[in-house]
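All chains should be modelled from the sequences, with the hints used to inform the complete structure.
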Amino acid sequence: MESFLLNNQTVLASSPPFIFSKPKVGDVVVFKVDNIIYIKRVKEIYTSPSLRGASRYFLEGDNKEDSLDSRKIGWISRKQILGKIVFKF
Amino acid sequence: MMILLRSLSKLLPTYTVYAHCDIPCGIYDPKPAQIAASTVLKMVQKINDLPKDNPTFGDRNSFVRMVVVKEEHARKCKEELLILWTDYFKSEHISLFPNLHEIFWKAAKLCSKNKQEVSLESAQELIKAVDEIASMFANAEATLNKKSS
Chain A
2 MESFLLNNQT
12 VLASSPPFIF
22 SKPKVGDVVV
32 FKVDNIIYIK
42 RVKEIYTSPS
52 LRGASRYFLE
62 GDNKEDSLDS
72 RKIGWISRKQ
82 ILGKIVFKF
Chain B
46 MMILLRSLSK
56 LLPTYTVYAH
66 CDIPCGIYDP
76 KPAQIAASTV
86 LKMVQKINDL
96 PKDNPTFGDR
106 NSFVRMVVVK
116 EEHARKCKEE
126 LLILWTDYFK
136 SEHISLFPNL
146 HEIFWKAAKL
156 CSKNKQEVSL
166 ESAQELIKAV
176 DEIASMFANA
186 EATLNKKSS
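Listed in order, the protein sequences are those of chains A and B. Residues in the first sequence are numbered consecutively from 2, following the numbering used here. Residues in the second sequence are numbered consecutively from 46, following the numbering used here.
Just so you know, the hints here were simulated from the structure itself, not pulled from any lab data. Among these hints, one or two may not hold up.
Stated by the list, open to error - Estimated spans, in silico, between C-beta atoms of each pair:
# : chain 1 : residue 1 : chain 2 : residue 2 : range
1 : A       : Ser56     : B       : His146    : 38 to 46 Å
2 : A       : Asn64     : B       : Ile128    : 18 to 26 Å
3 : B       : Val163    : A       : Lys89     : 57 to 65 Å
4 : A       : Tyr47     : B       : Asp74     : 52 to 60 Å
5 : A       : Arg72     : B       : Thr59     : 27 to 35 Å
6 : B       : Glu116    : A       : Lys89     : 32 to 40 Å
7 : A       : Glu45     : B       : Tyr63     : 15 to 23 Å
8 : B       : Thr61     : A       : Val87     : 13 to 21 Å
Claimed, not checked - Keeping only pairs whose Cα atoms sit at most 25 Å apart, straight-line, the calculated DSS-like set for lysine-lysine is:
#  : chain 1 : residue 1 : chain 2 : residue 2
9  : A       : Lys33     : B       : Lys55
10 : A       : Lys44     : B       : Lys191
11 : A       : Lys65     : B       : Lys151
Source: prediction; values computed, not measured. All C-beta atoms, glycine included, are put in the ideal place defined by N, C-alpha and C.
What follows is the structure in structure tokens.
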């Protein structure tokens with residue numbers, strides 16, 4: 002996720018922003034897949050009536066050439082998204 | 046502000062999150078193995094086409110070069126197959142392809158056989174084995190995409 006984030010940088014992720022609103026394209030979020038927590042940027046959001054209004058998120062790293070993201074692990078459900086990056090330090 | 050945030054990070058639960066995938070990179074493709082196997086076959090064909098009686102220095106030079114390329118691509122093919130076998134395919138794929146390990150093991154052995162021999166039959170067997178692995182890979186990818194859609 003360079004240059005947005007550097008290796009070993011600390012970030013503050015918060016779930017309340019997603020209580021009041023849904024993740025938006027461009028948000029950097031943390032999400033869990035198979036007990037591993039990843040950090041990626043929301044690239045696309047898909048909402049279908051067949052999903053009963055639930056959205057699926059396509060998350061991508063800023064450095065696409067070496068990022069393991071939705072291109073490989075697929076669309077992510079809202080439930081898997083733990084929070085939004087609200088601060089980095 | 047920074048002091049407050051640093052104190053917060055001590056109070057709040059902290060986890061390691063992963064942004065990159067340098068290991069594993071998640072980029073897998075059977076194509077390099079297929080190209081390497083095709084190169085092995087091509088070299089065997091070219092070696093067989095060389096004049097066997099009274100070869101010139103040029104023919105001998107070509108022979109050595111072709112053997113080196115065959116050797117190198119058989120090695121590369123094995124390396125690519127081992128990456129797919131050990132990194133891409135997971136235990137859950139065994140239910141899809143019960144004989145996965147045997148297929149890979151035989152294909153890897155064929156790479157070595159093609160180093161040792163100049164045999165059209167072995168080279169064609171290698172191509173067939175690698176194509177079978179490519180087909181398994183395509184099926185595994187299709188299953189993964191179906192699950193995630």
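Quick rundown of the hints versus the structure:
Checking the proposed 38 to 46 Å range against Ser56/A and His146/B shows it holds: the Cβ atoms sit about 40 Å from each other. Between Asn64/A and Ile128/B the Cβ separation comes to about 21 Å, which falls inside the hinted range of 18 to 26 Å. Between Val163/B and Lys89/A the beta carbons are some 60 Å apart, a value that agrees with the proposed interval 57 to 65 Å. A beta carbon spacing of about 26 Å between Tyr47/A and Asp74/B contradicts the range 52 to 60 Å that was offered as a hint.
Separation of Arg72/A from Thr59/B is about 28 Å and conforms to the stated range, judged on CB atoms against 27 to 35 Å. At roughly 50 Å, the beta-carbon separation of Glu116/B and Lys89/A lies outside the given 32 to 40 Å, and the hint is violated. One distance hint, 15 to 23 Å for the beta-carbon pair Glu45/A and Tyr63/B, holds here, with the actual separation near 21 Å. Between Thr61/B and Val87/A the C-beta distance comes to about 18 Å, which sits within the given range of 13 to 21 Å.
Between the alpha carbons of Lys33/A and Lys55/B the distance comes to roughly 22 Å, so the proposed pair stays at or under 25 Å and holds. Between Lys44/A and Lys191/B, the direct Cα distance comes to roughly 20 Å. Compliance with the 25 Å bound is thereby established for this hinted pair. A C-alpha spacing of about 35 Å is found between Lys65/A and Lys151/B, which places the hinted pair above 25 Å, so the restraint is violated.
Taken one by one, the earlier hints fail for this structure at numbers 4, 6 and 11, listed in ascending order.
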